[in-house]
Amino acid sequence: MDKAVRPYRQIPVYLRYLINTALLVILLAAGSALLASGTVNRAQSAVILQIGIYALLAVSLNVATGYLGQLPLGHAGFMAVGAYTAALIWKALPGKSLGVILLGLLAAGLLAAVFGVVIGIPALRLKGDYLAIITLGFGEIIRVLIINLPGVTGGTPGLMNIPKHSSFLVVYATVILSCALIHTLMKSRHGRAILAIRENEIAAEASGVNTTFYKVLAFTVSAFFAGVAGGLYAGYTGILTPGNFTFMTSVNILVMVVLGGLGSMAGSIIAAGILTALPLALQSFNKYRMVIYALLLIVVMIFKPSGLLGRYDFSLTRIIEKAINGRLFPRKGKAGEEHA
Amino acid sequence: MLFLSQCINGLQLGSIYALVALGYSMVYGIIRLLNFAHGDVIMIGAYIAVLTIGAGVHPALAVVITILGCVMVSVLVEKVAYRPLRSAPRISLLITAIGVSLLLQNLVQLFFSADTRAYPSTAIIPAKAFDLGGLSLSLSTLVTIVVSVGSMVGLHLLIQKTRMGKAMRAVSEDTGAAQLMGIDINRVISITFAIGSALAGVGSVLYCCRYSIANPTMGSLLGLKAFVAAVLGGIGSIPGAVVGGFAIGFAEVLVTALGFSAWTDAVVFAILILVLLIKPSGLLGKGVSEKV
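Heads up: the sequence lines are chains A and B, in that order. Residues 1 to 340 (this note's numbering) are what the first sequence spells out, left to right. Residues 1001 to 1292 (this note's numbering) are what the second sequence spells out, left to right.
Keep in mind the hints are simulated off the structure, nothing from the lab. Virtual Cβ for every residue (Gly too), placed ideally from N, Cα, C. Please note: incorrect hints may appear among the correct ones.
[What the hints assert, rightly or not] In silico BS3-like links for lysine-lysine, alpha-carbon gap of 30 Å or less: (1) B:1079 to B:1166; (2) B:1079 to A:304; (3) A:287 to B:1079.
[What the hints assert, rightly or not] Pair by pair, the computed Cβ-Cβ distance ranges are: (4) A:29 to B:1258: 54 to 62 Å; (5) A:7 to B:1190: 53 to 61 Å; (6) B:1274 to A:284: 44 to 52 Å; (7) A:27 to B:1258: 54 to 62 Å; (8) A:210 to B:1088: 52 to 60 Å; (9) A:7 to B:1084: 43 to 51 Å; (10) B:1177 to A:205: 26 to 34 Å; (11) A:328 to B:1115: 26 to 34 Å; (12) A:329 to B:1181: 53 to 61 Å; (13) B:1115 to A:180: 45 to 53 Å; (14) B:1115 to A:205: 46 to 54 Å; (15) B:1110 to A:243: 36 to 44 Å; (16) B:1164 to A:310: 39 to 47 Å.
The shape of chain A in the complex, shown without the other chains (with noise of 0.2 Å):
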């Protein structure tokens, strides 16, 4: 092979940050105007703020599962006090400004950070199995306190008349900065090491990881943005009550994880937004979804457990990096010149 290699040409970093903010913000406008223009309905509007909501549920716990390799199984506790706190504010402070949103979707995460911290500092000094079933446990422990202090939270009969506060722009903003700052974490140092710990926790121990601090940093993270996605979810439904917020809910969102690919954002979105539209578009599928939902658990688990995605993540850049070198599709054989 006397042909020399040619450099492998890559993007400018701020040239990347560019090009993917530009087209998050065309997606911004062109979703607003769409739903402005009014060619879609108030249900099929419905199913799109919802899809955004759970792909945020989704992804947050992701960095729990797939990227920290635990199983928490209290999503919807956290989710929970998320969605009480900013309900319990917008009530509290009349008006629609962008102030009183943000406050109360950062106190939203903020609050089920707080527990997260709580809960994960016991929790995560265990191994495995005792996570899941203390973090089950936290989430029914929450539902029994919103059943039981109905001064706050209005108790069985629910919350009421909280104002809607979640706009497809609001929801999606908040999606989309939410999913960056996780990426922008995952792709830090702290990310790696979070990455270490799923891979093989003693060997990052020994290499200097600080275990127990990234464990519940990880786990803190998935909390808040539970949190964050509870808010954005009282702000859409404007009626919270404790059956919103049952083992099953946690299940569900498991399920969007579990079949998008443990540790696959890009993963979690698609399979939220599949299983989020499947049972509003097919009424009959309505009945059989739990069943169908159960045998995909074990179905996925048993013949792909890493997911339908695996690990894999989309990147816009990578691809037209591909594509500015000629490697977009590579022939065969020649896979050894690949950049990783």
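With chain A's structure known, arrange chain B on it following the hints.
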């Protein structure tokens, strides 16, 4: 006298939890799996009893069919869903167990609707009560306690005195070494599931005779509480499961008697979190040091 009758109440509930907790503990001890579907096997048992007695089968025979049904479901689940994942990461196995639990619940819901059904408890154990000097003791309470204690003693003898029991202890101690000694691992695991679910079947009959209802989701909370009992006693430890079961039963009856019945579930889970904080290995469990 009220105190004494509450104690008997706690003893009845505790012995049911202990029976179910034994199943959790045995399975966890042998393949380190938290078998979420265990509670739902109890629910299946309840439906089998409702259907067979409804079809006119003699109650005694119905109880036998219930226990056999539970064993068959459990062994089938182990063969189909858990066995292919023997060498998979723990998280996959756990997710599968959740899937199996959901599947059983929703299949029953699909075929028999989500409605709560009346359980023919008086057909199995007649509603009789003995008067012990002002203290009323129902026949079902007596039967529950006697049958539970009998099953536990039987299980203890099985595990400590028989060849199969020895094999089970060996597999739980070190699966690889047990295999090298010529123990058929898969057979031992199947038998462990069978014994655990037979106990669940007995627990199902006793539980339903206490509450007289059956619905598709009845198993999940019962299962979770029994699991808490197993953890409290020390998971993987047989006497631990019994001690934990009675402790949870008494705690629940105590909280209800004090007038906080809406909080019983929260208290049970709070106990779990406290145990895991203070003594993660449980009351009778042995601490496991990590091998590198």
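The hints, checked one at a time:
A C-alpha spacing of about 22 Å is found between residue 1079 of chain B and residue 1166 of chain B, which places the hinted pair at or below 30 Å, so the restraint holds. For the suggested pair residue 1079 of chain B and residue 304 of chain A, the alpha carbons sit about 18 Å apart, so the restraint of at most 30 Å is met. Only pairs whose Cα atoms come within 30 Å are accepted, and residue 287 of chain A paired with residue 1079 of chain B is accepted, the gap being roughly 28 Å. Between residue 29 of chain A and residue 1258 of chain B the beta carbon distance is about 59 Å. The supplied range of 54 to 62 Å therefore holds.
Remark: the range hint 53 to 61 Å for residue 7 of chain A to residue 1190 of chain B is upheld by a beta-carbon distance near 60 Å. Taken as a hint, the range 44 to 52 Å holds for the pair residue 1274 of chain B and residue 284 of chain A, whose Cβ atoms sit roughly 47 Å apart. The supplied range of 54 to 62 Å is met by residue 27 of chain A and residue 1258 of chain B, whose beta-carbon atoms lie about 56 Å from each other. Restraint check, residue 210 of chain A to residue 1088 of chain B: a C-beta distance of roughly 29 Å breaks the suggested window 52 to 60 Å.
Checked against the hint of 43 to 51 Å, the pair residue 7 of chain A and residue 1084 of chain B passes, with Cβ atoms roughly 47 Å apart. One distance hint, 26 to 34 Å for the beta-carbon pair residue 1177 of chain B and residue 205 of chain A, holds here, with the actual separation near 27 Å. In this structure the supplied range 26 to 34 Å is violated for residue 328 of chain A paired with residue 1115 of chain B, their Cβ-Cβ distance being about 57 Å. Separation of residue 329 of chain A from residue 1181 of chain B is about 55 Å and conforms to the stated range, judged on CB atoms against 53 to 61 Å.
For the pair residue 1115 of chain B and residue 180 of chain A, the beta carbons lie near 47 Å from each other, so the given range of 45 to 53 Å is met. Our hint of 46 to 54 Å for residue 1115 of chain B and residue 205 of chain A holds, since their Cβ atoms are close to 52 Å apart. Checked against the hint of 36 to 44 Å, the pair residue 1110 of chain B and residue 243 of chain A fails, with Cβ atoms roughly 21 Å apart. At roughly 41 Å, the beta carbons of residue 1164 of chain B and residue 310 of chain A sit within the given window of 39 to 47 Å.
Of the hints listed earlier, those the structure fails to meet are numbers 8, 11 and 15, in rising order.
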